[in-house]
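Enquirer: Read off the chains here:
Number of protein chains: 2
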Amino acid sequence: MLQTQDNSFLIDCGEGTQLQLSKYKIKTGKISHIFISHLHGDHYFGLIGLLSSMSLLNRNTDLHLYGPPKLLDIINLQLDVADVNLSYTLHFHKLEEEGEIANTGKITISSFKVAHRIDCWGFLFREIKQSRSVLSEKAKSFEIPAAYFSELQKGKDYTTKKGTIISNEDVTQPAKKGRSFAYCADTLFLEHLSATVKEVDLLYHETTYLKDQEEKAASRYHSTTVQAATIAKMAKAGRLIIGHFSSKYDNVEPFLEEAKAVFENTVLAEEGTCYFL
Amino acid sequence: MLQTQDNSFLIDCGEGTQLQLSKYKIKTGKISHIFISHLHGDHYFGLIGLLSSMSLLNRNTDLHLYGPPKLLDIINLQLDVADVNLSYTLHFHKLEEEGEIANTGKITISSFKVAHRIDCWGFLFREIKQSRSVLSEKAKSFEIPAAYFSELQKGKDYTTKKGTIISNEDVTQPAKKGRSFAYCADTLFLEHLSATVKEVDLLYHETTYLKDQEEKAASRYHSTTVQAATIAKMAKAGRLIIGHFSSKYDNVEPFLEEAKAVFENTVLAEEGTCYFL
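Heads up: the sequence lines are chains B and C, in that order.
Numbering-wise (the working numbering), the first sequence opens with residue 1 and increments by one.
Numbering-wise (the working numbering), the second sequence opens with residue 1 and increments by one.
Identical copies look the same in the list; a pair holds intra-copy or inter-copy alike.
Under the rule of at most 25 Å between Cα atoms (straight-line distance), these lysine-lysine pairs were calculated in the DSS-like manner:
(1) Lys25 / Lys248
(2) Lys138 / Lys176
(3) Lys30 / Lys106
(4) Lys248 / Lys27
(5) Lys113 / Lys216
(6) Lys248 / Lys30
(7) Lys30 / Lys129
(8) Lys129 / Lys177
Calculated from the structure, these hints are not laboratory results.
Chain B with its partners taken away, still in its complex shape (with noise of 0.2 Å):
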C-alpha cells in the first residue's frame, strides 16, 4: 500500500491481501487505486476476492484499476459465472505503454516495462510539484494586492505602480520538492532502470536471490541483492526497499548485508512495517 494524504494506491494483491488489510486496520474503502504488474498468482490471486468483498460491503465510490489486458477478462469471466454486478463503477485501465497512466491532480503515476517471463510493469509515483508560497507578510509590506499572489505562486516577479520591480524570490519561497517512489515488480537486473526511478526517494526492487545465485535469477527473470542495490546506487535513490525473497531462505538477514555493502540505506520489506517519506 502506498498511502498519501489523499489516496490509498494498492500496489499487487496477492492471495489474502484482504486479510491482511483486515489485519492492519487499513479500510478497504479508502482504495482509490490499485496497480497490477504483471499476472503471476502471488501478484493478483487475491484481487478477485477484494473487489467481491468492497461490492458485498456496498462500496459506492468509484474504483481505478490498471493491469495486463487479459486481467479483465479473468474478471469479468468471474464475475459472469456468480452471476454478480459490483455495487461500484470499477474502470479498467490497460497497461499497454510506457507513460503517464493517472493524474491524480496531486500526483502522477507511471508505468515502465521491467523484464520478466511474462509482460511485467513497474510503477512510478510523483508527487507534483507544488507551486511557490508566498510570504504574505513580506508581500504586504511591499504593497503587492492579494489579488496578484497567484502570479507569485507561478514565480512572477511584480511591477509596482512606480515601475520598481519586486524579485519573485523576495517574496516567495519555493515549493517542497515533491516525493517520489518506484515499484519494479518482478524483474530481471535491467541497468536502464536506473535511469527510469533516477532519484526517486524510495525504490522497492526485488532481490528473490542472493548475489551467488546470479545465474539462476537470470534464468529466472528475477534480481539478486548486489543487482537490486547497483540499481538504487546507479539512480541515487534515496532508500532502497527490497523484497521478494525466495521461499527457499530461512533467514533474510544476508539480504540485508550483502544489498548495505553496494547501497547502505537499504531496508527489509517486512510484513506491517510502514516506511515514511
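Please arrange chain C on chain B, whose structure you already have, making use of the hints.
Expert: Chain C only, in chain B's frame:
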C-alpha cells in the same frame, strides 16, 4: 476436508484455504480429490492458488477436480496468462447430472442438486459396504478349506463332503456398516434433501440465518437453523454440523440452541475442529 485412511477430499476452497491447510498441518500432497459446489467466491477463490502451489511444490500425483463446467475455463485462463503448465495431471470432471461421480474402490461419491442463486451441488460420501468377515477358528472347526473363505465373505453357505450345509452366519460376522457424510453446500430449505441424505451418519447443512429470518433466508437462497435441523431430523441423520453463519452475527451460540431444539445431536462447524466418525 474429509479425511479417510486412504484419501483426503477437499470440499470447497475459499480464499486463503492453502494458508489454513498449512496452519492445521494438513499436507496438500495428500489431497486426491477436490469438490467445488458452486462458483461464488467464498467457495472457490482459493482454488487457483492451491492448484498453483501444488505445482510449485512439484506434485506429480494426479488430482481429480469436480465442479461446474465454467470452473475449468477460469482455471485454464489463469494458467494460460501466467504461462504455467502444472507439474501434475489435473482431471476435471464437470458437474452436470446427479449421481455417482467417483468411486475410489472404498468410497463412492455422489453429487446432488441443491437450490442456490446459481447452479450448486451437494456431495454424498459413502464407504462401500465391506464384505463379511470370516471367523477363521470356527470355519476351521467345520473343516472349511481356506480356499473357500472368499466365498464365505460374499455370504455363501458351505456344503461339506458329507452333504451337510454349514450356514454362512455360523462362520462369519456381518460387514461393518459403511460410514457416510453429506455436504449440502449453500441452499434453500429443500424438504426432499432429507431423502437424498437419508440415514447419513454425518450431515453438514448450512444455516446462514437464525429462525426469525426465514423470509430473508429464502430470498437469498439460504437456510435457517430450524430448517437445517429439520432436514437432519427427517433424514434420521446421526449428527448434524451447521455452518456458513452470516457475518452479521457476532455470537453463534443461538444457532446451536435453535438447531438443538429440533435436532439434539447438532454441533457448530468451528475452524480447526475435527469431527470423528
